[in-house]
Every structure is written in structure tokens, then in C-alpha cells.
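S.K.: Following the hints, position chain B against chain A.
Protein chains: 2
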Amino acid sequence: MKNIYAIGVGLIGGSLAIDIKKNDPNVIIHGISRKDATLEEALALKLIDKKASLEDIKNADLVIISIPVDATVKLLPTVLDLVSDTGLVVDAGSTKVDICKVVENHPKRRNFLAMHPIAGTEHSGPSAAIGGLFVGKTNIVCEVEKTTFKLQEKALKLFADIGMRIRYMNPEAHDKHIAYVSHLSHISSFMLGKTVIDKERNERDIFDMAGSGFASTVRLAKSSPEMWTPIFKQNKTNVIEILEAYINNLIHFKELMEQDDFEAIFNEMKNTNYIKDILKGIS
Amino acid sequence: MKNIYAIGVGLIGGSLAIDIKKNDPNVIIHGISRKDATLEEALALKLIDKKASLEDIKNADLVIISIPVDATVKLLPTVLDLVSDTGLVVDAGSTKVDICKVVENHPKRRNFLAMHPIAGTEHSGPSAAIGGLFVGKTNIVCEVEKTTFKLQEKALKLFADIGMRIRYMNPEAHDKHIAYVSHLSHISSFMLGKTVIDKERNERDIFDMAGSGFASTVRLAKSSPEMWTPIFKQNKTNVIEILEAYINNLIHFKELMEQDDFEAIFNEMKNTNYIKDILKGIS
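From first to last, the protein sequence lines stand for chains A and B.
Residues 1 to 283 (the numbering used here) are what the first sequence spells out, left to right.
Residues 1 to 283 (the numbering used here) are what the second sequence spells out, left to right.
Quick caveat, the hints were computed from the structure, so don't treat them as lab data.
One or more of the hints may lead you astray.
Note: identical chains are not told apart, hence a pair may lie in one copy or across any two.
[Claimed, not checked] 25 angstroms max Cα-Cα, derived SDA-like pairs, lysine to any residue:
#	residue 1	residue 2
1	233	161
2	236	271
3	270	53
4	254	138
5	50	168
6	254	171
7	58	258
8	270	26
9	35	199
10	236	249
11	270	36
12	101	261
So here's chain A without its partners, still in its complex pose:
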């Protein structure tokens, strides 16, 4: 693998570039972005070696697409049109159904591998890229059987080399479960931040009182709306379903408080403490 094209050079694209280059200093990382300023920043940060444009993709051994998922759905067919017969295209989007669907009948479908590295942070843009982001993290690969075997092998070796565990799943299962364990957390966090900011708008120094617990629960409210709006749009059905369940649980908790049923409140918490075991090893 010699010529790698990163479409999107932010947190995920940039971090992948750092690790891949570290493992193989001979690769040339070409950056592609709608905004030249982003490419200049990525160059300055040495995330990429060169700036490139879409037409250059014909020279790619590997194309990594790490842009908002609505942009991926729009761009992916064109990228597959452009890539050579031996070129591999992967995406890193947080939704998989729409992305897989848009290329299901593409003549170069076998050059594409759909994946989702579970390794974000709440930061975004080239300056958020860090080395070692993927060590020990899970990379969910969808519809692996639709990718040419040789390109599968190439991709899986590359991601194993940067420390990722691979997990296979179909796009529907991915989108459903990721709504539960990732997308909902973002909404809970954004709305928690909004609720408290609304209440304390005129008393900013109140946040002196906030401890690490508050910081932890609202951390995800720093996430990029550009990235997250299309995720919620594409995964609307699953997200609404789990959000409704969450709201109902909160309403139930409030009703228990209103009824002074603190024994039930205790049990709600006690039964959820079991999350300790579940979280072991996630960090």
C-alpha cells in the first residue's frame, strides 16, 4: 500500500493517517477536503503529506472516507466510480444502513468495505487527531462478504496493525445497537447541557459548583453538530425508539419521586448499578 487518500482529515481521518503512517513511513497520505483551509491545517499538523482532489483517486491503493454521513452517502458512488480495480474504499461513518444501500448495486461494490471504528472523542477537526486513538478499540465491519477477499485481507491487516479488534455485523443490527450505546448518549448529554445552561444563564459562576460528574455526563455535548445532525437523520427510527424508552424511564423516575416512593427509587438505582460489570474494560 503506497498511496492513501483521506477524504476528510478531521478526528477520525487524521488519527487514522497518523497511525498508518507510523506503521509504514513509506505510504503517502493525500488529503482531500471541501475546504482548503482544513487541508492546510492538516498539512501543517503533518497529518497528510500532500493535498489532492477527487480526480486523483484513480491512483489510490486505499481511500478512507471520514466525513459527515450525509456527505458520505452523496460522495461514495462517485468515489467508487473513480477508484481503480485494485483500489480499496472504506468509510468510517456512525451509520451503516444508508451508506451500504447507496452502493448496493454499484459495479465496484466489491471495492468497498463499510466500517465503523468506535473510537471518537468529543473533539473534531484536524487538531483533534491523535496517534494511538484506535488501540484496543472495536471496528465494526458490515457486509464483509460483499468486499473482494483480497481487499478484505488488506483492510483487516491494516486495522489490526493499528490495534483494532474487528467485529462483524449487518448494517441493520449496527444501526439499531449503535443507537442504544452511542447515539442516545449524545442526545442525553446535549439536552442535559441545554437544560442546565437554560436554568443558569444568568448565573454563570454557578458552574464553579459543577464537579467531574457533571463534566462527564455533558462531555458529549461538545460534539460537532455538523457530524451529528446527519447521523440522527439517517438513524431516525432507531434513535426515536430508544429516546422514547429513555424519556419514559425518566418520567417514571419523576413519578416515583412525586409519590415519595423512595424505596422504588433505591431499587431503580440498585438494579442499574449492574452497569459496573458491563462497563468493565470499556475505560
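M.R.: What follows is chain B alone, placed relative to chain A:
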């Protein structure tokens, strides 16, 4: 200060004991707990030097009460009955109205300082105690004017010496604002954990898909129900008010999704991103 009595030797009591002893190795930390096993654990961990019982409090220079807030309300008048005229009693509870109220007419009210060190973690018990927990953290002191000046001075020096910033507030303001920036986060986290566990009860390995974002938002769901149930009970009115606002924001978000108003969804998130600036410095 020579004889310090820690009533409750868990996360907060134990961590205070570690730091105080480190700053002045001559103090003797006496531990008091309902459960002898807890005291034995605290002794083994060297959090305390000796086991003691309530009657010994007459010998105390300082009594630190770090037990669930319902137990504090019950015990505090007795502790003040027992303490000598020069002894100082402080509590570390997450609510302040009921605690201050129960001793407002106590003849030894001036021997008591109500405080709330904002420095918890989601862990509990003696094994959760750590050195340096309070460095750079805020200690909220309520009704400082009701404490004898000399004992105020003593207490404030002690807490400054372990690295805390002091903030003064009345109990009503404390309970209101802490509902916003701490108590609500615990409910959002517990119910998030519950919602996802309920959905995924039969598919445990789905949690492989959870990343650090999920871990961060459900971290507080590991907290002790024994500690948190009485907090919600004592701060019921404030907690219900902010919980209702949170639920309404979540319902609004869900409705925007149902209406496909993703421009509004984007703006909801964009406006909340401002939490970045607010959180600077909280960690």
C-alpha cells in the same frame, strides 16, 4: 488539632483522613461507623488509626460526618450534644437545607460548620478513598456566620491546606443549584444505563460496541443508591423541577426528529456546544 473523629470512613471521610494525616502526621484519626467490618477495612487500609464510638466524641478537636444525608440529619444533633465546647463538627453532605435546619436551634450550633466538598467519584466505601482527591476542588460552606469565628478559621485553614477553594452560599441556593449541576446528572446517567440495559438484556456482547462516550455518560450510574436515595428525598422539590425541564427538552428533541426538522436539531446542538467554554477547567 490532635484528635479527629471521622463518622463514616468511605470515599469522602476516608479521603479527607488521608490528606489531613499527610499534612499533619501527629493527628490521630478515630473512625466511627455503624458497621465494624467497615472500620476494620478502614484500619487495614490505614485510613484511620483507631476505632471509636460516639461517646468518645467528647475528646474530639474535629468531627467529620460523611455518611448518607438522612443519617446525618438523624445523628448531627446527638454529635453536637456530645462534642466539647471547643470541638468543631463538619459534615460533607450533598444537601444542606435539612441538615442546617435540624440544628438551627441547637445550643451548640456554633460548633458546627455545614459544608459540601464537590469532589466525589462514582465509587464508594473505604476502598474508594484516595489521597489528593480535593486538590483544586470547591468546598461549599453554608451559613458560615453561624459558626464560632475561631472554629471557622480552624476549618478553613484545614481545607485550604488540602487544596480546596472555599465558596460561601446559603443552604437554599446550594440545594437548588446543586440539583442542576450534580443531582440531575446522576438521574440522567442512572436512567440511561437502565434504558440501554433493558433493551440489550439478552445481547450482552453488544456492549462491545460501546465506546468511551457511553462509558462517560453512564459513569455516574455506578454510584451508591444508599448515598443517593436520601439526597433525592431531601432535595425532592429542586430535583423534580430540573428533571421536568430535562424531560421537556428531550421530548422537544424527539418531536423535532419526528417532524424531520433537522435544521432545528442542528441548532439545538450548536447552541449547547457553548458548554465547552463553561466546562473549561472543571476537568
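S.K.: Compare the structure with each hint and give your call.
M.R.: Cross-check of the supplied hints:
no.	hint	result
1	233 with 161	neither (33 angstroms within a copy, 52 angstroms between copies)
2	236 with 271	between (29 angstroms within a copy, 21 angstroms between copies)
3	270 with 53	neither (55 angstroms within a copy, 30 angstroms between copies)
4	254 with 138	neither (36 angstroms within a copy, 29 angstroms between copies)
5	50 with 168	neither (33 angstroms within a copy, 56 angstroms between copies)
6	254 with 171	between (36 angstroms within a copy, 23 angstroms between copies)
7	58 with 258	neither (64 angstroms within a copy, 41 angstroms between copies)
8	270 with 26	neither (54 angstroms within a copy, 40 angstroms between copies)
9	35 with 199	neither (37 angstroms within a copy, 41 angstroms between copies)
10	236 with 249	both (20 angstroms within a copy, 17 angstroms between copies)
11	270 with 36	between (52 angstroms within a copy, 23 angstroms between copies)
12	101 with 261	between (49 angstroms within a copy, 23 angstroms between copies)
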